[in-house]
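Asks: Listed below, chain by chain, are the residues.
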Amino acid sequence: MHQLTIETIDQIIEWIRGSELDRLDLKDVRFIDPYALLLLHLLILERNEKGRSIDVEWPQSRRVYRWIMAMGMKDLPNFARLQSSRNSESSPLSVKDLQSTLQPITRIENESGIGRVVDGFHHRLADRYPLTETSRRALVAVMIELFQNIPHHSNATGAVVDPHGIAAMQDYEDSIFLAIADKGIGLSASLGLKDGYQGLSDTGALDVILHQGASRFDDPGRGGELRRIADLVRSWGGVFVLRTGRAMYYFDSRGGDVYDVPAFPGVQLGLRLPRSVLT
Amino acid sequence: MQIERFRVAQFGPRLGTRMEGEGARQQLFALLQSLPDDGQVRVSLEGIDVLSTSFADELIGRTLNPLTTGEFGNRTLILETPMLDLADGVDAKLAQRQLAMLCLVDDAWHLIGTHTPALVETLGLIIDKGHTTTRELTEELGLQINACVNRVARLAKLHLIRREQIGMSGPQAIYSLHSILRD
Chain A
1 MHQLTIETID QIIEWIRGSE LDRLDLKDVR FIDPYALLLL HLLILERNEK
51 GRSIDVEWPQ SRRVYRWIMA MGMKDLPNFA RLQSSRNSES SPLSVKDLQS
101 TLQPITRIEN ESGIGRVVDG FHHRLADRYP LTETSRRALV AVMIELFQNI
151 PHHSNATGAV VDPHGIAAMQ DYEDSIFLAI ADKGIGLSAS LGLKDGYQGL
201 SDTGALDVIL HQGASRFDDP GRGGELRRIA DLVRSWGGVF VLRTGRAMYY
251 FDSRGGDVYD VPAFPGVQLG LRLPRSVLT
Chain B
1 MQIERFRVAQ FGPRLGTRME GEGARQQLFA LLQSLPDDGQ VRVSLEGIDV
51 LSTSFADELI GRTLNPLTTG EFGNRTLILE TPMLDLADGV DAKLAQRQLA
101 MLCLVDDAWH LIGTHTPALV ETLGLIIDKG HTTTRELTEE LGLQINACVN
151 RVARLAKLHL IRREQIGMSG PQAIYSLHSI LRD
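Read top to bottom, the protein sequences are chains A and B. Note that the numbering used here has the first sequence beginning at 1, numbered continuously upward. Note that the numbering used here has the second sequence beginning at 1, numbered continuously upward.
Calculated from the structure, these hints are not laboratory results. All residues carry an ideal CB built from backbone N, CA and C; glycine is no exception. Treat the hints loosely; a few may be bogus.
The calculated label-pair distances, taken between Cβ atoms and stated as ranges, are [unchecked claim]:
no. : chain 1 : residue 1 : chain 2 : residue 2 : range
1   : A       : R30       : B       : W109      : 39 to 49 Å
2   : A       : G113      : B       : S34       : 28 to 38 Å
3   : A       : V160      : B       : D37       : 31 to 41 Å
4   : B       : Q98       : A       : K96       : 47 to 57 Å
5   : B       : A95       : A       : G256      : 47 to 57 Å
6   : A       : G113      : B       : D85       : 22 to 32 Å
7   : B       : K157      : A       : D218      : 40 to 50 Å
8   : A       : R246      : B       : D37       : 50 to 60 Å
According to the in silico footprint, chain A covers these stretches of chain B (three or more CB under 8 Å from chain A) [what the hints assert, rightly or not]:
no. : segment
9   : 22–33
10  : 42–55
11  : 79–92
12  : 150–161
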């Protein structure tokens, strides 16, 4: 596998979760997008929590390996034990390595810390790009909504151990990619707390959230954010992916659909936004 | 009419979460309650960089809701913003709640939230005239009296105008209608 992206990360999930493999070979990978990186991060965490860590052979490409480390994978618990003996690259990260990232993986735990996290993302973005005022404000508002969904929904049943989410951002020649992920209870379990939405499949949950603006709250002012964000990304000609459980909604400028994917807990979201409309 | 200004920027330039909005709403409630029954609060977005829909809903949507059910007497709430797109989140959430609010950009008024062209037309005439009656409006808009009464009742329910009963004509109440943009 040469690319670890929205399109290919589900193969890794299937291998690791489906067949309980203990070794992951990424040595030929030459590109990883932030969405795939966050899922890989959560996948490794999940296996750590089960006491069965994965032996990862990281990409041989020095540039990709150092980007992954600068994005924060080196901060995973028990990281030294995850390193395959084949990975000899261990020199400290340089300023250039750190500058190759737009926003490394950031932990999101509770609502009170979200303002600070959003400010950090905002400053990183504003330092690197002269975004238009309208798009900069819209993007910051999107981050606020998506980040606060984690404390509002990912552990709504109280059943999750160490509830938290992660977010990261990377820039490319033509786009800015924002990814947010958690391995909480997922959309169908969160919605299922409200009368009328119990027993929804993952596909059904995506449908009512993205088409009806459904929410688990009775207050009529709640809900609708994911639908509004999807509409905004569509109007910008971007890529939108929302994954929960066994279903994934994906669209790009050519159209979109809901797809079956291998099971993974929580909610994961990726937005790839064209720089031409942001700057 | 006593008018007080509530500056949202006192809570920061980039807002924010529902938790932040809830904290701000407690202060807005206190300010509304401190005013006489016909008082008005103008919520100012001056100095705000980003206002999320969640914060907007907690602060404005969840204040307007009890306001329209009479929990704050005849008090009114108006939004003031240097740019209309700063109020996008308020507009979206009020529409979701089936509520509406007057929004001032410089001296120009806009109706944000849920509304119809008929409601905007009627409100515009009341604002232009400052004060009027349902009968006058009926004639100027060329409507049946019942249609006009319904429009006016909706505007009064949303606290977008002040309506004062000044008499009866048979079974029908006669109202004096006042713009809330004038003292």
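Asks: Does each hint hold? Answer for all of them.
Replies: Okay, the hints, checked on the actual structure:
no.	hint	verdict
1	R30(A) to W109(B): 39 to 49 Å	violated, 57 Å
2	G113(A) to S34(B): 28 to 38 Å	holds, 33 Å
3	V160(A) to D37(B): 31 to 41 Å	violated, 48 Å
4	Q98(B) to K96(A): 47 to 57 Å	holds, 54 Å
5	A95(B) to G256(A): 47 to 57 Å	violated, 25 Å
6	G113(A) to D85(B): 22 to 32 Å	holds, 28 Å
7	K157(B) to D218(A): 40 to 50 Å	violated, 22 Å
8	R246(A) to D37(B): 50 to 60 Å	holds, 56 Å
9	22–33	violated (count 0)
10	42–55	holds (count 7)
11	79–92	holds (count 4)
12	150–161	violated (count 0)
Of the numbered hints stated above, those contradicted by the structure are hints 1, 3, 5, 7, 9 and 12, listed in ascending order.
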